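Whole structure, please, built from the sequences with the hints as guidance.
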Amino acid sequence: MDRRQATELLRERIGRAPAPRLVEQLLRRTDADPTVLAAIADQVDGDGDGLYRVPLRWPEELAEPVRAALRSLEPGARETVTAAAVIGREFDLSILEGVCPDLDVLSGLDDAAAAGLVREQGPQVYGFVRALDREVCYDTLGARSRAALHERVAGVLARLGALGGTRAATLPELAHHTAEAAALGGAARLDAAVAASATAAAAADEEGVYELAAGYFAQAALFAGRAGWTPAQAGRLLAASGAARLRGAGSSAAREAGRASLTGALRLGLRAGDLGLIAAAALGLGSRPSAGALAGAGLVPVDPVRAAALRDACAALPATGLPPEQHSAAARLMARLADELGQAELAERALDLARAGGDPRAVAEALLAAGGQLDQVVREAAALGDAELQARAYDLAAADAVRRGEKSRAMALLAQTAALGEGRPTALVRWYALRAVAELAALRGRPDPAAADRAMAAGQLVDPAAAEVADRALRAWSVPDTGPGGLTAREREVLAWALRGAPAKEIASGLVLGERTVETHLASIYRKLGVRTRLELIRKLGDGSSS
1 MDRRQATELL
11 RERIGRAPAP
21 RLVEQLLRRT
31 DADPTVLAAI
41 ADQVDGDGDG
51 LYRVPLRWPE
61 ELAEPVRAAL
71 RSLEPGARET
81 VTAAAVIGRE
91 FDLSILEGVC
101 PDLDVLSGLD
111 DAAAAGLVRE
121 QGPQVYGFVR
131 ALDREVCYDT
141 LGARSRAALH
151 ERVAGVLARL
161 GALGGTRAAT
171 LPELAHHTAE
181 AAALGGAARL
191 DAAVAASATA
201 AAAADEEGVY
211 ELAAGYFAQA
221 ALFAGRAGWT
231 PAQAGRLLAA
241 SGAARLRGAG
251 SSAAREAGRA
261 SLTGALRLGL
271 RAGDLGLIAA
281 AALGLGSRPS
291 AGALAGAGLV
301 PVDPVRAAAL
311 RDACAALPAT
321 GLPPEQHSAA
331 ARLMARLADE
341 LGQAELAERA
351 LDLARAGGDP
361 RAVAEALLAA
371 GGQLDQVVRE
381 AAALGDAELQ
391 ARAYDLAAAD
401 AVRRGEKSRA
411 MALLAQTAAL
421 GEGRPTALVR
431 WYALRAVAEL
441 AALRGRPDPA
451 AADRAMAAGQ
461 LVDPAAAEVA
471 DRALRAWSVP
481 DTGPGGLTAR
491 EREVLAWALR
501 GAPAKEIASG
511 LVLGERTVET
521 HLASIYRKLG
531 VRTRLELIRK
541 LGDGSSS
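Numbering-wise (UniProt numbering), the sequence shown opens with residue 1 and increments by one.
If a hint is listed, it holds; no wrong ones were tucked in.
FRET-style restraints, in silico, Cβ to Cβ: (1) E406 <-> L317: 33 to 43 angstroms; (2) E256 <-> G405: 36 to 46 angstroms; (3) A307 <-> T517: 32 to 42 angstroms.
Straight line, CA to CA, 30 angstroms or less: simulated BS3-like cross-link-like pairs of lysine-lysine: (4) K528 <-> K505; (5) K540 <-> K528; (6) K540 <-> K505.
Derived by calculation from the structure, the hints in this document are not laboratory data. Since the structure is predicted, the reported quantities are computational estimates derived from the model, not experimental observations. Beta carbons are placed, not taken as given, at the ideal position from N, Cα and C, and that holds for glycine.
Written as C-alpha coordinates, this is what we have:
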(Lines of atoms letter the chains of each structure in order from A; the text may use other names.)
(Lines give C-alpha, C1' and ligand atoms only; values in the text may rest on other atoms or scores of the structure.)
Protein backbone atom coordinates (compact mmCIF):
# COMPACT_ATOMS: atom_id res chain seq x y z
CA MET A 1 0.00 0.00 0.00
CA ASP A 2 1.42 3.39 -0.98
CA ARG A 3 0.82 6.77 0.64
CA ARG A 4 -2.02 7.70 -1.70
CA GLN A 5 -3.90 4.47 -1.03
CA ALA A 6 -3.33 4.80 2.72
CA THR A 7 -4.61 8.37 2.66
CA GLU A 8 -7.78 7.30 0.84
CA LEU A 9 -8.37 4.43 3.28
CA LEU A 10 -7.97 6.72 6.28
CA ARG A 11 -10.12 9.42 4.73
CA GLU A 12 -12.92 6.92 4.32
CA ARG A 13 -12.61 5.76 7.93
CA ILE A 14 -12.16 9.10 9.73
CA GLY A 15 -14.12 11.37 7.39
CA ARG A 16 -11.30 13.75 6.49
CA ALA A 17 -7.90 13.83 4.88
CA PRO A 18 -5.23 12.88 7.46
CA ALA A 19 -2.03 14.88 7.89
CA PRO A 20 0.76 13.56 5.61
CA ARG A 21 3.07 12.99 8.58
CA LEU A 22 0.37 10.95 10.30
CA VAL A 23 0.01 8.78 7.18
CA GLU A 24 3.78 8.28 7.08
CA GLN A 25 3.83 7.24 10.73
CA LEU A 26 1.06 4.69 10.28
CA LEU A 27 2.61 3.25 7.13
CA ARG A 28 5.91 2.85 8.98
CA ARG A 29 4.29 1.20 11.99
CA THR A 30 2.25 -1.24 9.88
CA ASP A 31 4.86 -2.04 7.22
CA ALA A 32 2.32 -0.53 4.78
CA ASP A 33 0.26 -3.71 5.15
CA PRO A 34 -3.32 -2.85 4.11
CA THR A 35 -4.79 -5.51 6.40
CA VAL A 36 -3.00 -4.20 9.47
CA LEU A 37 -3.69 -0.57 8.60
CA ALA A 38 -7.38 -1.28 8.07
CA ALA A 39 -7.49 -3.07 11.45
CA ILE A 40 -6.36 0.02 13.37
CA ALA A 41 -7.70 2.83 11.14
CA ASP A 42 -10.79 3.46 13.27
CA GLN A 43 -8.56 4.36 16.24
CA VAL A 44 -6.88 7.23 14.41
CA ASP A 45 -7.71 10.80 15.40
CA GLY A 46 -8.17 12.81 12.22
CA ASP A 47 -6.92 15.96 13.94
CA GLY A 48 -3.53 14.42 14.72
CA ASP A 49 -0.48 15.94 13.03
CA GLY A 50 1.68 12.82 13.27
CA LEU A 51 4.39 14.47 15.36
CA TYR A 52 3.53 12.37 18.39
CA ARG A 53 3.33 8.61 18.54
CA VAL A 54 -0.30 7.62 18.09
CA PRO A 55 -1.41 5.12 20.78
CA LEU A 56 -2.81 2.02 19.08
CA ARG A 57 -4.43 -1.21 20.24
CA TRP A 58 -3.28 -3.99 17.99
CA PRO A 59 -5.79 -6.76 17.18
CA GLU A 60 -5.32 -9.68 19.53
CA GLU A 61 -4.85 -12.19 16.73
CA LEU A 62 -1.88 -10.12 15.48
CA ALA A 63 -0.35 -9.19 18.82
CA GLU A 64 -0.59 -12.45 20.78
CA PRO A 65 1.91 -14.44 18.65
CA VAL A 66 4.48 -11.70 19.22
CA ARG A 67 3.84 -11.65 22.97
CA ALA A 68 4.16 -15.44 23.03
CA ALA A 69 7.53 -15.25 21.29
CA LEU A 70 8.63 -12.61 23.78
CA ARG A 71 7.51 -14.74 26.74
CA SER A 72 9.54 -17.66 25.42
CA LEU A 73 12.78 -15.74 25.90
CA GLU A 74 14.99 -15.80 28.97
CA PRO A 75 14.68 -12.64 31.15
CA GLY A 76 17.94 -11.14 29.89
CA ALA A 77 17.00 -11.65 26.24
CA ARG A 78 13.53 -10.24 26.91
CA GLU A 79 15.03 -7.14 28.51
CA THR A 80 17.39 -6.75 25.58
CA VAL A 81 14.58 -6.89 23.02
CA THR A 82 12.29 -4.49 24.85
CA ALA A 83 15.16 -1.99 25.21
CA ALA A 84 15.81 -2.35 21.49
CA ALA A 85 12.14 -1.61 20.84
CA VAL A 86 12.56 1.74 22.58
CA ILE A 87 15.49 2.61 20.31
CA GLY A 88 13.50 1.97 17.15
CA ARG A 89 12.63 -0.43 14.36
CA GLU A 90 16.33 -0.60 13.50
CA PHE A 91 19.09 -0.13 16.05
CA ASP A 92 22.87 -0.06 16.27
CA LEU A 93 24.57 -2.58 18.53
CA SER A 94 26.64 0.22 20.07
CA ILE A 95 23.50 2.05 21.22
CA LEU A 96 21.90 -1.09 22.64
CA GLU A 97 25.09 -1.96 24.52
CA GLY A 98 25.14 1.54 26.00
CA VAL A 99 21.51 1.29 27.10
CA CYS A 100 21.97 -2.21 28.58
CA PRO A 101 25.57 -2.25 29.93
CA ASP A 102 24.90 -5.12 32.35
CA LEU A 103 23.39 -7.49 29.77
CA ASP A 104 24.92 -9.87 27.26
CA VAL A 105 23.10 -8.19 24.40
CA LEU A 106 24.60 -10.37 21.65
CA SER A 107 23.30 -13.55 23.27
CA GLY A 108 19.96 -11.85 23.84
CA LEU A 109 19.76 -10.87 20.18
CA ASP A 110 20.66 -14.40 19.10
CA ASP A 111 17.78 -15.76 21.19
CA ALA A 112 15.41 -13.10 19.84
CA ALA A 113 16.48 -13.94 16.29
CA ALA A 114 15.77 -17.64 16.94
CA ALA A 115 12.31 -16.62 18.15
CA GLY A 116 11.72 -14.73 14.88
CA LEU A 117 11.63 -11.24 16.42
CA VAL A 118 14.87 -9.63 15.19
CA ARG A 119 17.50 -10.17 12.54
CA GLU A 120 20.91 -8.79 11.68
CA GLN A 121 20.68 -6.19 8.91
CA GLY A 122 24.29 -5.16 8.48
CA PRO A 123 27.55 -4.82 10.36
CA GLN A 124 26.48 -4.32 13.98
CA VAL A 125 23.02 -3.17 12.90
CA TYR A 126 19.90 -5.11 13.83
CA GLY A 127 16.23 -4.65 13.23
CA PHE A 128 12.86 -6.14 14.09
CA VAL A 129 11.58 -8.56 11.50
CA ARG A 130 8.24 -6.73 11.30
CA ALA A 131 7.11 -3.34 12.48
CA LEU A 132 4.41 -5.09 14.46
CA ASP A 133 7.06 -7.06 16.40
CA ARG A 134 8.64 -3.84 17.55
CA GLU A 135 5.26 -2.25 18.34
CA VAL A 136 4.09 -5.12 20.54
CA CYS A 137 7.45 -5.40 22.34
CA TYR A 138 7.35 -1.66 23.05
CA ASP A 139 3.79 -1.86 24.35
CA THR A 140 4.68 -4.55 26.89
CA LEU A 141 6.69 -1.97 28.84
CA GLY A 142 5.04 0.07 31.58
CA ALA A 143 5.00 3.86 31.31
CA ARG A 144 7.82 4.42 33.82
CA SER A 145 10.02 1.72 32.29
CA ARG A 146 9.54 3.19 28.82
CA ALA A 147 10.39 6.70 30.00
CA ALA A 148 13.50 5.49 31.83
CA LEU A 149 14.71 3.63 28.75
CA HIS A 150 14.09 6.66 26.53
CA GLU A 151 16.23 8.72 28.90
CA ARG A 152 19.03 6.16 28.70
CA VAL A 153 18.79 6.08 24.90
CA ALA A 154 19.02 9.88 24.72
CA GLY A 155 22.09 9.83 26.96
CA VAL A 156 23.82 7.16 24.88
CA LEU A 157 23.07 8.98 21.61
CA ALA A 158 24.49 12.22 23.02
CA ARG A 159 27.65 10.46 24.22
CA LEU A 160 28.20 8.65 20.93
CA GLY A 161 27.78 11.84 18.98
CA ALA A 162 30.32 13.63 21.18
CA LEU A 163 32.96 10.99 20.38
CA GLY A 164 33.10 12.00 16.72
CA GLY A 165 33.23 9.59 13.83
CA THR A 166 30.63 7.32 15.38
CA ARG A 167 26.89 7.06 15.25
CA ALA A 168 25.49 10.54 16.05
CA ALA A 169 21.88 11.17 16.90
CA THR A 170 19.67 13.17 14.58
CA LEU A 171 17.85 16.15 16.07
CA PRO A 172 14.43 14.48 15.74
CA GLU A 173 15.77 11.39 17.52
CA LEU A 174 16.99 13.40 20.48
CA ALA A 175 13.79 15.42 20.57
CA HIS A 176 11.74 12.22 20.58
CA HIS A 177 13.69 10.44 23.31
CA THR A 178 14.04 13.47 25.59
CA ALA A 179 10.34 14.23 25.19
CA GLU A 180 9.41 10.68 26.20
CA ALA A 181 11.86 10.81 29.13
CA ALA A 182 10.20 14.01 30.36
CA ALA A 183 7.32 11.87 31.61
CA LEU A 184 9.58 11.11 34.61
CA GLY A 185 9.39 14.78 35.61
CA GLY A 186 12.03 16.98 37.16
CA ALA A 187 13.31 20.37 36.06
CA ALA A 188 16.48 18.99 34.43
CA ARG A 189 14.57 16.52 32.27
CA LEU A 190 11.98 19.11 31.28
CA ASP A 191 14.63 21.69 30.43
CA ALA A 192 16.42 19.08 28.31
CA ALA A 193 13.15 18.33 26.51
CA VAL A 194 12.61 22.05 25.83
CA ALA A 195 16.12 22.42 24.41
CA ALA A 196 15.92 19.31 22.23
CA SER A 197 12.45 20.16 20.90
CA ALA A 198 13.34 23.78 20.17
CA THR A 199 16.55 22.74 18.40
CA ALA A 200 14.68 20.22 16.25
CA ALA A 201 12.05 22.90 15.52
CA ALA A 202 14.63 25.44 14.38
CA ALA A 203 16.24 22.88 12.07
CA ALA A 204 12.87 21.87 10.58
CA ASP A 205 11.97 25.53 10.06
CA GLU A 206 15.28 26.15 8.31
CA GLU A 207 14.61 23.17 6.02
CA GLY A 208 11.13 24.47 5.18
CA VAL A 209 9.27 21.68 6.99
CA TYR A 210 7.03 24.22 8.68
CA GLU A 211 4.31 22.00 10.11
CA LEU A 212 6.93 19.83 11.80
CA ALA A 213 8.66 22.94 13.13
CA ALA A 214 5.36 24.22 14.52
CA GLY A 215 4.75 20.93 16.31
CA TYR A 216 8.20 20.88 17.88
CA PHE A 217 7.94 24.51 19.02
CA ALA A 218 4.53 23.78 20.56
CA GLN A 219 6.00 20.74 22.29
CA ALA A 220 8.84 22.87 23.64
CA ALA A 221 6.33 25.44 24.94
CA LEU A 222 4.41 22.69 26.72
CA PHE A 223 7.54 21.41 28.45
CA ALA A 224 8.58 24.96 29.32
CA GLY A 225 5.28 25.48 31.08
CA ARG A 226 5.70 22.24 33.02
CA ALA A 227 9.24 23.24 33.95
CA GLY A 228 8.04 26.48 35.51
CA TRP A 229 9.41 28.86 32.89
CA THR A 230 7.91 32.34 33.02
CA PRO A 231 4.88 32.94 30.75
CA ALA A 232 6.97 35.33 28.65
CA GLN A 233 9.67 32.67 28.12
CA ALA A 234 7.15 30.02 27.15
CA GLY A 235 5.37 32.65 25.05
CA ARG A 236 8.38 32.98 22.75
CA LEU A 237 8.11 29.29 21.92
CA LEU A 238 4.36 29.64 21.45
CA ALA A 239 4.92 32.56 19.07
CA ALA A 240 7.51 30.57 17.12
CA SER A 241 5.03 27.70 16.83
CA GLY A 242 2.26 29.95 15.55
CA ALA A 243 4.51 31.68 13.03
CA ALA A 244 5.78 28.36 11.69
CA ARG A 245 2.24 27.05 11.41
CA LEU A 246 1.24 30.05 9.30
CA ARG A 247 4.34 29.70 7.13
CA GLY A 248 3.34 26.15 6.32
CA ALA A 249 -0.46 26.50 6.54
CA GLY A 250 -1.83 23.53 4.61
CA SER A 251 -5.42 23.91 5.76
CA SER A 252 -7.75 26.52 7.16
CA ALA A 253 -7.56 24.71 10.51
CA ALA A 254 -3.76 25.06 10.57
CA ARG A 255 -4.10 28.74 9.73
CA GLU A 256 -6.52 29.36 12.56
CA ALA A 257 -4.39 27.34 14.99
CA GLY A 258 -1.36 29.43 14.07
CA ARG A 259 -3.23 32.69 14.54
CA ALA A 260 -4.56 31.50 17.90
CA SER A 261 -1.03 30.66 19.09
CA LEU A 262 0.25 34.07 18.04
CA THR A 263 -2.58 36.04 19.63
CA GLY A 264 -2.10 34.01 22.81
CA ALA A 265 1.63 34.78 22.78
CA LEU A 266 0.84 38.45 22.20
CA ARG A 267 -1.36 38.54 25.30
CA LEU A 268 1.46 37.00 27.33
CA GLY A 269 3.88 39.60 25.99
CA LEU A 270 1.55 42.52 26.73
CA ARG A 271 0.94 41.21 30.24
CA ALA A 272 4.67 40.90 30.88
CA GLY A 273 5.61 44.11 29.06
CA ASP A 274 8.05 42.08 26.98
CA LEU A 275 8.61 44.06 23.76
CA GLY A 276 10.57 41.25 22.12
CA LEU A 277 7.73 38.79 22.57
CA ILE A 278 5.14 41.40 21.56
CA ALA A 279 6.99 42.06 18.31
CA ALA A 280 7.56 38.36 17.56
CA ALA A 281 3.87 37.58 18.04
CA ALA A 282 2.50 40.51 16.05
CA LEU A 283 4.99 40.15 13.19
CA GLY A 284 4.37 36.41 13.12
CA LEU A 285 0.82 37.08 11.89
CA GLY A 286 2.34 38.16 8.61
CA SER A 287 1.95 41.20 6.42
CA ARG A 288 -1.10 42.44 4.58
CA PRO A 289 -1.11 40.62 1.24
CA SER A 290 -1.56 42.50 -2.01
CA ALA A 291 -4.32 41.85 -4.52
CA GLY A 292 -1.91 40.91 -7.28
CA ALA A 293 -0.25 42.54 -10.24
CA LEU A 294 -3.49 42.77 -12.23
CA ALA A 295 -5.67 44.19 -9.46
CA GLY A 296 -5.36 47.85 -10.38
CA ALA A 297 -6.95 49.83 -7.55
CA GLY A 298 -8.41 46.71 -5.90
CA LEU A 299 -8.05 46.96 -2.14
CA VAL A 300 -7.60 44.03 0.21
CA PRO A 301 -9.93 44.19 3.23
CA VAL A 302 -8.34 44.93 6.59
CA ASP A 303 -7.72 41.77 8.62
CA PRO A 304 -9.20 42.58 12.05
CA VAL A 305 -7.02 40.05 13.91
CA ARG A 306 -3.78 41.26 12.35
CA ALA A 307 -4.77 44.93 12.63
CA ALA A 308 -5.69 44.59 16.32
CA ALA A 309 -2.42 42.79 17.08
CA LEU A 310 -0.36 45.46 15.33
CA ARG A 311 -2.25 48.27 17.06
CA ASP A 312 -1.65 46.67 20.46
CA ALA A 313 2.01 46.08 19.64
CA CYS A 314 2.58 49.65 18.44
CA ALA A 315 0.73 51.03 21.46
CA ALA A 316 3.13 49.10 23.71
CA LEU A 317 6.17 50.86 22.22
CA PRO A 318 7.60 53.54 24.52
CA ALA A 319 6.99 57.09 23.32
CA THR A 320 10.62 57.96 24.04
CA GLY A 321 13.77 56.11 24.94
CA LEU A 322 13.35 53.15 22.60
CA PRO A 323 16.56 51.08 22.88
CA PRO A 324 18.57 51.01 19.60
CA GLU A 325 18.39 47.21 19.43
CA GLN A 326 14.60 47.46 19.22
CA HIS A 327 14.48 50.03 16.40
CA SER A 328 14.20 47.35 13.72
CA ALA A 329 11.28 45.48 15.30
CA ALA A 330 9.49 48.75 16.10
CA ALA A 331 9.94 50.01 12.53
CA ARG A 332 8.60 46.77 11.09
CA LEU A 333 5.58 46.84 13.41
CA MET A 334 4.79 50.42 12.41
CA ALA A 335 5.29 49.62 8.73
CA ARG A 336 2.97 46.61 8.91
CA LEU A 337 0.28 48.66 10.67
CA ALA A 338 0.66 51.52 8.17
CA ASP A 339 0.28 49.04 5.32
CA GLU A 340 -2.75 47.39 6.92
CA LEU A 341 -4.57 50.66 7.56
CA GLY A 342 -3.21 52.71 4.65
CA GLN A 343 -1.64 55.35 6.90
CA ALA A 344 1.01 57.21 4.89
CA GLU A 345 2.24 59.31 7.83
CA LEU A 346 2.86 56.22 9.96
CA ALA A 347 4.72 54.62 7.03
CA GLU A 348 7.05 57.63 6.85
CA ARG A 349 7.68 57.46 10.59
CA ALA A 350 8.48 53.76 10.22
CA LEU A 351 10.88 54.56 7.39
CA ASP A 352 12.71 57.20 9.45
CA LEU A 353 13.05 54.77 12.36
CA ALA A 354 14.20 51.94 10.07
CA ARG A 355 16.88 54.12 8.49
CA ALA A 356 18.04 55.24 11.92
CA GLY A 357 18.35 51.60 12.96
CA GLY A 358 20.18 50.63 9.77
CA ASP A 359 18.37 47.32 9.25
CA PRO A 360 17.81 46.77 5.49
CA ARG A 361 14.87 44.43 6.15
CA ALA A 362 13.08 47.09 8.21
CA VAL A 363 13.86 49.70 5.56
CA ALA A 364 12.41 47.46 2.84
CA GLU A 365 9.25 46.83 4.89
CA ALA A 366 8.80 50.57 5.46
CA LEU A 367 9.36 51.37 1.79
CA LEU A 368 6.72 48.80 0.83
CA ALA A 369 4.27 50.43 3.23
CA ALA A 370 5.13 53.89 1.89
CA GLY A 371 4.59 52.63 -1.66
CA GLY A 372 7.66 54.14 -3.23
CA GLN A 373 11.19 53.28 -4.41
CA LEU A 374 10.07 49.80 -5.44
CA ASP A 375 13.25 49.21 -7.43
CA GLN A 376 15.28 49.66 -4.24
CA VAL A 377 12.96 47.30 -2.36
CA VAL A 378 13.38 44.66 -5.07
CA ARG A 379 17.17 44.94 -4.80
CA GLU A 380 17.13 44.84 -0.99
CA ALA A 381 14.80 41.84 -0.92
CA ALA A 382 16.95 39.91 -3.38
CA ALA A 383 20.12 40.74 -1.41
CA LEU A 384 18.50 39.58 1.85
CA GLY A 385 17.28 36.33 0.29
CA ASP A 386 13.99 36.68 2.18
CA ALA A 387 11.52 34.85 -0.07
CA GLU A 388 8.41 36.40 1.48
CA LEU A 389 9.82 39.91 1.21
CA GLN A 390 10.93 39.14 -2.36
CA ALA A 391 7.47 37.90 -3.32
CA ARG A 392 5.81 41.02 -1.91
CA ALA A 393 8.36 43.33 -3.55
CA TYR A 394 8.22 41.63 -6.96
CA ASP A 395 4.42 41.56 -6.84
CA LEU A 396 4.04 45.27 -6.05
CA ALA A 397 6.69 46.20 -8.59
CA ALA A 398 4.88 44.11 -11.21
CA ALA A 399 1.59 45.84 -10.36
CA ASP A 400 3.32 49.21 -10.78
CA ALA A 401 4.71 48.09 -14.15
CA VAL A 402 1.24 47.00 -15.30
CA ARG A 403 -0.17 50.41 -14.33
CA ARG A 404 2.59 52.11 -16.32
CA GLY A 405 1.98 49.89 -19.33
CA GLU A 406 5.43 48.26 -19.01
CA LYS A 407 4.24 44.79 -19.89
CA SER A 408 7.67 43.24 -20.46
CA ARG A 409 8.94 44.42 -17.09
CA ALA A 410 5.78 43.18 -15.37
CA MET A 411 6.17 39.75 -16.96
CA ALA A 412 9.84 39.56 -15.95
CA LEU A 413 8.96 40.35 -12.33
CA LEU A 414 6.11 37.83 -12.35
CA ALA A 415 8.48 35.19 -13.73
CA GLN A 416 10.81 35.89 -10.79
CA THR A 417 7.87 35.57 -8.42
CA ALA A 418 6.82 32.26 -9.97
CA ALA A 419 10.36 30.92 -9.53
CA LEU A 420 10.13 31.53 -5.77
CA GLY A 421 7.58 28.72 -5.58
CA GLU A 422 10.23 26.05 -6.15
CA GLY A 423 11.45 23.91 -3.26
CA ARG A 424 9.66 24.31 0.06
CA PRO A 425 8.04 27.74 -0.09
CA THR A 426 5.98 29.22 2.71
CA ALA A 427 2.22 29.32 2.22
CA LEU A 428 2.40 33.01 1.30
CA VAL A 429 5.19 32.53 -1.24
CA ARG A 430 3.42 29.52 -2.75
CA TRP A 431 0.28 31.60 -3.23
CA TYR A 432 2.16 34.49 -4.82
CA ALA A 433 4.09 32.10 -7.06
CA LEU A 434 0.96 30.29 -8.26
CA ARG A 435 -0.82 33.60 -8.75
CA ALA A 436 2.12 34.86 -10.79
CA VAL A 437 1.85 31.83 -13.08
CA ALA A 438 -1.83 32.59 -13.70
CA GLU A 439 -1.14 36.31 -14.17
CA LEU A 440 1.60 35.58 -16.68
CA ALA A 441 -0.82 33.45 -18.69
CA ALA A 442 -3.37 36.28 -18.65
CA LEU A 443 -0.80 38.88 -19.75
CA ARG A 444 0.26 36.60 -22.60
CA GLY A 445 -3.32 36.46 -23.77
CA ARG A 446 -3.68 32.77 -22.95
CA PRO A 447 -5.68 32.71 -19.69
CA ASP A 448 -5.34 29.48 -17.73
CA PRO A 449 -8.45 28.80 -15.58
CA ALA A 450 -6.81 25.82 -13.89
CA ALA A 451 -3.82 27.96 -12.86
CA ALA A 452 -6.22 30.56 -11.49
CA ASP A 453 -8.02 27.86 -9.50
CA ARG A 454 -4.75 26.64 -8.01
CA ALA A 455 -3.86 30.18 -7.01
CA MET A 456 -7.26 30.70 -5.44
CA ALA A 457 -7.00 27.47 -3.43
CA ALA A 458 -3.54 28.46 -2.18
CA GLY A 459 -4.69 31.97 -1.30
CA GLN A 460 -7.60 30.68 0.76
CA LEU A 461 -5.06 29.14 3.13
CA VAL A 462 -3.28 32.45 3.66
CA ASP A 463 -5.97 35.14 3.61
CA PRO A 464 -9.41 34.18 2.26
CA ALA A 465 -10.61 37.78 1.84
CA ALA A 466 -7.47 38.84 -0.01
CA ALA A 467 -7.63 35.72 -2.15
CA GLU A 468 -11.15 36.63 -3.28
CA VAL A 469 -10.05 40.14 -4.31
CA ALA A 470 -7.00 38.79 -6.15
CA ASP A 471 -9.06 36.13 -7.88
CA ARG A 472 -11.65 38.64 -9.10
CA ALA A 473 -8.88 40.81 -10.51
CA LEU A 474 -7.29 37.88 -12.28
CA ARG A 475 -10.61 36.71 -13.76
CA ALA A 476 -11.24 40.19 -15.09
CA TRP A 477 -8.20 39.73 -17.34
CA SER A 478 -9.33 36.25 -18.35
CA VAL A 479 -12.12 34.56 -20.22
CA PRO A 480 -15.62 34.78 -18.70
CA ASP A 481 -16.16 32.74 -15.58
CA THR A 482 -19.09 30.76 -16.94
CA GLY A 483 -19.46 28.57 -20.00
CA PRO A 484 -17.83 25.36 -21.21
CA GLY A 485 -14.24 26.49 -20.52
CA GLY A 486 -14.57 28.03 -17.04
CA LEU A 487 -16.00 27.56 -13.56
CA THR A 488 -18.59 29.68 -11.86
CA ALA A 489 -17.68 31.58 -8.71
CA ARG A 490 -19.53 29.02 -6.58
CA GLU A 491 -17.81 26.14 -8.38
CA ARG A 492 -14.44 27.71 -7.64
CA GLU A 493 -15.38 27.88 -3.96
CA VAL A 494 -16.30 24.20 -3.99
CA LEU A 495 -13.11 23.40 -5.90
CA ALA A 496 -10.94 25.15 -3.31
CA TRP A 497 -12.42 22.95 -0.57
CA ALA A 498 -12.19 19.80 -2.71
CA LEU A 499 -8.48 20.38 -3.40
CA ARG A 500 -7.89 20.45 0.36
CA GLY A 501 -9.43 16.97 0.60
CA ALA A 502 -12.68 18.02 2.27
CA PRO A 503 -15.56 15.53 1.81
CA ALA A 504 -18.86 16.76 0.39
CA LYS A 505 -20.46 16.95 3.84
CA GLU A 506 -17.71 19.23 5.16
CA ILE A 507 -17.88 21.41 2.04
CA ALA A 508 -21.64 21.73 2.44
CA SER A 509 -21.24 22.79 6.05
CA GLY A 510 -18.47 25.28 5.31
CA LEU A 511 -20.28 26.94 2.40
CA VAL A 512 -23.77 26.62 3.92
CA LEU A 513 -25.05 24.50 1.04
CA GLY A 514 -26.95 21.27 0.76
CA GLU A 515 -24.82 18.17 0.35
CA ARG A 516 -26.68 17.28 -2.84
CA THR A 517 -25.92 20.77 -4.20
CA VAL A 518 -22.23 20.26 -3.49
CA GLU A 519 -22.30 16.94 -5.33
CA THR A 520 -23.91 18.69 -8.31
CA HIS A 521 -21.20 21.36 -8.31
CA LEU A 522 -18.51 18.68 -8.11
CA ALA A 523 -20.01 16.84 -11.06
CA SER A 524 -19.98 20.07 -13.08
CA ILE A 525 -16.37 20.76 -12.07
CA TYR A 526 -15.32 17.26 -13.11
CA ARG A 527 -17.02 17.69 -16.48
CA LYS A 528 -15.52 21.11 -17.20
CA LEU A 529 -12.01 20.08 -16.16
CA GLY A 530 -12.13 16.72 -17.92
CA VAL A 531 -11.73 14.47 -14.87
CA ARG A 532 -13.86 11.65 -13.48
CA THR A 533 -12.90 11.36 -9.80
CA ARG A 534 -11.68 13.45 -6.86
CA LEU A 535 -8.29 11.76 -7.13
CA GLU A 536 -7.94 12.77 -10.79
CA LEU A 537 -8.98 16.30 -9.86
CA ILE A 538 -6.28 16.58 -7.18
CA ARG A 539 -3.69 15.10 -9.52
CA LYS A 540 -4.63 17.52 -12.28
CA LEU A 541 -4.70 20.71 -10.21
CA GLY A 542 -2.44 19.75 -7.33
CA ASP A 543 0.70 18.89 -9.30
CA GLY A 544 1.06 22.09 -11.25
CA SER A 545 -0.44 20.81 -14.50
CA SER A 546 -2.90 22.91 -16.43
CA SER A 547 -5.94 22.01 -18.45
